Amino acid sequence: MKHFIMPDDHDFGTPASKSQNMITLNIDGFDVSVPEGTSIMRAAAMLGISIPKLCATDSVDAFGSCRLCVVEIEGRAGTPASCTTLAAQGLRVKTQSETVKTLRRAVMELYISDHPLDCLTCAVNGDCELQDMAGAVGLRNIRYQAPQNRSISNHFLPKDTSGAPNHSYIAKDESNPYFTYDPSKCIVCSRCVRSCEEVQGSFALTIEGKGWDSRVCAGGTFDDFLSSDCVSCGACVQACPTGALTEKSVINIGTPEHSIITTCAYCGVGCSFKAQMRGDELIRMVPYKSGQANQGHSCVKGRFAWGYTNHPERILKPMIRDKITDPWREVSWKEALDFSAERLQNIQSTHGRQSIGVITSSRCTNEETFLVQKLARAVFKNNNTDTCARVCHSPTGYGLGQAFGTSAGTQDFKSVDDADVIMVIGANPSAAHPVFASRMKKRLRKGAKLIVVDPRRTESVQSPHVKAVHHLALTPGTNVAVISAMAHVIVTEGLINNEFIQTLCDIDAYKDYITFISETRHSPEAVEHLTNVPAKTLREAARLYATGGNGAIYYGLGVTEHTQGSTAVIAIANLAMLTGNIGRSGVGVNPLRGQNNVQGSCDMGSFPHELPGYRHVKHPEVRAIFEKAWGVEIDPEPGLRISNMLDAAIDGSFKGLYIQGEDILQSDPDTKYVAAGLGALDCVIVHDLFLNETANYAHVFLPGSTFLEKDGTFTNAERRINRVRKVMSPKQGYADWEVTQMLANAMGASWNYTHPQEIMAEIALTTPSFAGVDYEKIDSLGSIQWPCNEQSPEGTPIMHIGGFARGKGTFIRTEYVATDERTGPKFPLLLTTGRILSQYNVGAQTRRTPNTVWHREDLLEIHPHDAEDRGIRDGDYIRLASRSGETTLRAQITDRVAPGIVYTTFHHPKTQANVVTTDYSDWATNCPEYKVTAVQVSPSNGPSKWQKEYISQAANARQIEPTTT
Amino acid sequence: MKVYIPRDASARALGADAVAKEMSKHAQKHSLEIIRNGSRGMSWLEPLIEVERGGIRYAYGPAGVEDVVAILDNTSPKALGPTDDLPWMQAQTRLTFARVGVIDPLSLNDYRRHGGMQGLKKAIEMTQNQMIDEVIESGLRGRGGAGFPTGIKWRTVAHETAPEKYIICNADEGDSGTFADRMLMEGDPFCLIEGMIIAGLATGAQHGLIYIRSEYPDAIHTMQLAIEVARKEGILGTPFSYGTHNDDFSFDIDVRVGAGAYICGEETSLLNSLEGKRGVVRSKPPLPAISGFMSCPSVVNNVISLATAPVIFAKGAKYYQGFGLGKSRGTVALQIAGNAKYGGLFECAFGITLGEVVHGLAGGSATRRPVKAVQIGGPLGAYFPPSLFDTPLGYEEFADNDGLIGHAGIVIFDESVDMLEQARFAMEFCAIESCGKCTPCRIGSIRGVETLDRLAQGAPDAMAILLDLCETMKSTSLCALGGFTPYPVLSAITHFPDDFKVSTPQEEAL
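Protein sequences, first through last, are from chains A and B. Residue numbering for the first sequence follows my numbering, starting at 1 and increasing by one per position. Residue numbering for the second sequence follows my numbering, starting at 1 and increasing by one per position.
Please note: incorrect hints may appear among the correct ones.
Listed below are several chain B residues computed to face chain A (Cβ distance under 8 Å; list not exhaustive) [to be verified]: (1) N74; (2) C438; (3) I443; (4) L467.
Computed footprint of chain A on chain B, listed as stretches where at least three residues anywhere in the stretch have a Cβ under 8 Å from a Cβ of chain A [claimed, not checked]: (5) 226-237; (6) 272-284; (7) 449-459.
Below, in silico cross-link-like pairs of lysine-lysine (DSS-like), each with a Cα-Cα straight-line distance of 25 Å or less [to be verified]: (8) A:K248 x A:K731; (9) A:K210 x B:K21; (10) A:K18 x B:K284; (11) A:K248 x A:K726; (12) B:K284 x A:K446; (13) A:K467 x A:K511; (14) B:K277 x A:K449; (15) B:K284 x A:K442; (16) A:K289 x A:K446; (17) A:K289 x A:K731; (18) B:K277 x A:K101; (19) A:K248 x A:K289; (20) A:K172 x A:K159; (21) A:K94 x B:K474; (22) A:K910 x A:K948; (23) B:K21 x B:K78; (24) A:K101 x B:K78; (25) B:K277 x A:K467; (26) A:K446 x B:K341; (27) A:K210 x B:K284; (28) A:K94 x B:K284; (29) A:K442 x B:K21; (30) B:K277 x A:K210; (31) A:K323 x A:K334.
Think of the hints as simulated: they come from the structure by calculation, not from any bench. Fair warning: this is a prediction, and the values are worked out from it, not measured in the lab. Using N, Cα and C, we set each Cβ at its ideal position, and we do this for glycine too.
Chain A extracted, bound-state conformation (with noise of 0.2 Å):
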């Protein structure tokens, strides 16, 4: 554990070198191999030489500009920087001599001498690089003076000695939330410009000005931080060697102490961070280099917005109400779980075994996870237990399943590196990925070429030295009837990887499949009416994608939103086996998953009819090994969907739901419905870090743990299993595994977990995925990917290697059919929902942070031509309609969306976007149709009906008994 205490993050200078050609040379007088075009200062910090540098860092290209990293090199002349000379066989450094140190140092006296000299009181003070070089090098005067009559020439001096402004000092830039950009600190070494361009790919720093006017600048000339494209990212600050870019928590609070390593609780990428410590206060988050998913980088949501761990609005003690029009009262934990436990049982006793359930969230760990499903079926006694991961990407778990054999994506991040031809479907990861689509762009400005099916022009389409070769701007709805398209020009274009799909697919649905999809009335030509894709860029797409080398796809909610969305999953799995792009790196079918932990809420049988693994309760011998580890008996009978037990709390079956770490009010489409079927149950138990919107209509709130507080694990979209580790004591006093635990043991249960890695080995020893998987392999090998069991016993990074999980991939026919949602007279609009870069899912998190500065508001995108048609003016109050509901909110003027499109986020409960979209779903798993619902965008004067009511509603249902002492 020590290890992750103290994580070893040393920085080699420059890159790691691909090469499988070793060559060695010697560095003072020692023999080190490494890879052929491996640089001398790499190769020396491999021997645990430190050469000084101030512009290397590993993250970043070698740029050679400070000049400190010199060396002596035998039968060279002069003395080369160590950063930009590569390695060569046989050669002979020296990294310290006479001369080195001398220039050195004078290059230090050049450095210093423009330079404040207020360390003592500098933020950064003892964590500065340009401080550790000036010891390395023996700096110990500045010879520079000025001469008489003026002042030094310096940028840290906002006037001169005769009391005139210095043009060369810049002010402080303090409009990012996050961090600070002080130019007098700033040494110009780049390496925040480079990070920006090469590690994030925004390309929203510069050098402005040159020689001694050079300066880091974000943006344009008039813009600051906040201004520029700047995503916050903070890419820069992590690789600032000064005090130039200081994240403001340090400038508040001071440098950390500690250091541990844990994983992000926000998207599915799963970023590995180092909780930087002082005491049990945390200072700053910063992504962890070894952390595989990321690799350093992260995004302004990982990094920074975290703050909402100890917003003021968090609820720290447990409290309960007998009815939902009571203000609520804080209580014991014993008094709250006592009476969370009476009702529930109350419930069963009078309405049945069944008339109660669980959702288990998909933030929350596996452990915590599979304990809360562990309760559905070992203590209540049912298979009532459903997830998020039902409204996001249950299609993919079919899907993938009945193609591959697996419900998950078949790569790792990694393997992006190695993709030729990129396409991304319904997905926007600049704004929902951010980390995987730096990682992407990386590979795309290197030359991989990209796709994207979206009805948006997203920042995916084209961001700086990004763009896609095709953009298939489809109409909401129609993706089966799109990649079928492509599917057939594939087929009929004689494209397929015949090798591929006769030693490794089944045959017989093969020839089933591509006789249906030969069919004419599946060519681009015949469904463009129906798509709005012209069948010229289709073809090209579909040629690009099976011709282009390595093909990739990644893809999102846009695909498995729908009515079709397990059709979608099935379509892109065939085109995947068409062209053979599955079971090597560089290829596959990647879901891109929302949470962080949707991967794993569905692996830990969180669904109604599967036990952990994917097994469904009807097979007796799954049953077996559960009933044998838990000592009960199983239901054999599948139990209810999220919207089953909705339906079911209208009907008056189903009375009492214990909802951990999920806000379905907000985040479950038609609101109405779902605020319907919640006020109809008798006992709700919200287990939330905030009174949520769901909450609104619970007897019972429990205070959740943040991911800082508990031990656990996440799985991330790539199977990765991560640790979560715990940083600090839960502020409420219980992890939220030990809640679910003692509300178990309240209901009569006997569990007695001591620590999360209990829980694991119960997983591990139920579950032949994860057979392989303990706490300490994890701990020693960073993360694993399961399936991790005797063949794969560290894992499975890219799976279906030279054969299918399932067997035989197969192939299945994939009939478009449109969904009912459609357009007409009085909703002539298709309303289309997504997310944006700062905010996070239903914003529970995000909002209480300063990430609002980038989105305060949720905004309806419309094409100028529907807002001129509507009389809408950028900025003005909307109403927007469907037959579901109607909400309002102010409307922006874009052609990213195109005519007859309008799109929207769901970040805001203010806005309700879910009061407007239907009750349809995916006809396999009833994920919901949040991305298409047919609307009216008028022009409005304020709140609809239903916010109002709302609001007020809200406002009294948040009432808390003031206590008495």
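Let chain A serve as the given structure and place chain B on it in line with the hints.
Positioned in the frame of chain A, the structure of chain B alone reads:
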């Protein structure tokens, strides 16, 4: 009657256009054919008008509008006799500049008549390796300043496998006192085009880019017109089959214009600028020959280097190699400027001494005062005192005296020059033109100016600090700008110590 009036920018600056206009008034009467040629390189005689009589070109200059009638009547006091007989012309070995000032720069026929395209014709019969061997054997070294063997550079590019390769011509001629590139582009643009095609054939590159500084509008215009002519004639942009070379080899050239930065004459900054990026220096490796323009293998050569290829192929490597001294083979295009009685372009074999240039060719200072110093090789070149005037022009010979030939610009100063001021100017020039990437250049040059000011104010510690700074800049700068700025400074200190003997305020008080 053929009349030649230069279109060269130096002649135009001195009134050549007005002379041409006046001349055209007499065109009909004298049945004149007015040809706007390049410059012969005798700047003190510009505008130099030539009238062809009996197949011999007679020179008149410097000519004004008022001289036109007399020139046509052959009664002008500005008559200088046959141009080729002038001592300046007689003393030269014009290989690269053989046609400059002689031909109509935009007439391909003229170009061909005067030996143009002979080099390419020979080259196409050779294999790539033979071509490269020829250039190596000629001993041609980069005329931009660094003196790197051109053939070796070409060989590196030729041996790279890449979908695209580029021939980049560096015409960002920013050194003070230099104008050879400009004169060649304005006077014989097809020669550069031919040289670039030869380089393309030798290396397998099919695209050429000429990066010309924005301060050269005439050169830009002339090159663009010449490229148009060459395209029309099927020399550029059309696939042609040439001997042993690839059947569908074609070569095309584009002109790109700089934006006023001296540093973009440095090859890697030039590449960044060509790519549309900030003109900052790239660290090497990778060498541009391996990863240059758009990360493709690229030959980056100076105008003169490329324009010398045709004559090497036309007359053979041995012929070219036969001129010169030591490891400096062939000819050097001296550009004599500053306080010189006779300034201009003079092409001759390496080996001529500096004294012969200053006192012989240049005729001493224009102010007729004794020459005190000569700066050779642009603003980063060393100042040579008369005591070093016996140094022969050669790369190694100059390096041995802590100097450089560079692009062969020679700037003459008389005794009135203050060498401390010149040292300060070197640092100031560096500060203004620094790209700002590396520390010694970005901060060091500013500190250099300040320290020289302190030195001038009599600060006793300033000299030691300055010498340390020079050593730091020399050893640690990323490119030649910071790395060579100490040369003029140190040469001024070494050779002109009296100019740095400043009494301290205390001494003055005594």
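Hints, verified against the model:
no.	hint	result
1	N74	violated (55 Å)
2	C438	holds (5 Å)
3	I443	holds (4 Å)
4	L467	violated (11 Å)
5	226-237	violated (count 0)
6	272-284	holds (count 5)
7	449-459	holds (count 6)
8	A:K248 x A:K731	holds (23 Å)
9	A:K210 x B:K21	violated (44 Å)
10	A:K18 x B:K284	holds (20 Å)
11	A:K248 x A:K726	holds (24 Å)
12	B:K284 x A:K446	holds (20 Å)
13	A:K467 x A:K511	violated (37 Å)
14	B:K277 x A:K449	holds (23 Å)
15	B:K284 x A:K442	holds (22 Å)
16	A:K289 x A:K446	holds (22 Å)
17	A:K289 x A:K731	violated (29 Å)
18	B:K277 x A:K101	violated (34 Å)
19	A:K248 x A:K289	holds (22 Å)
20	A:K172 x A:K159	holds (15 Å)
21	A:K94 x B:K474	holds (20 Å)
22	A:K910 x A:K948	holds (10 Å)
23	B:K21 x B:K78	holds (19 Å)
24	A:K101 x B:K78	violated (65 Å)
25	B:K277 x A:K467	holds (19 Å)
26	A:K446 x B:K341	violated (56 Å)
27	A:K210 x B:K284	holds (20 Å)
28	A:K94 x B:K284	holds (20 Å)
29	A:K442 x B:K21	violated (59 Å)
30	B:K277 x A:K210	holds (13 Å)
31	A:K323 x A:K334	holds (20 Å)
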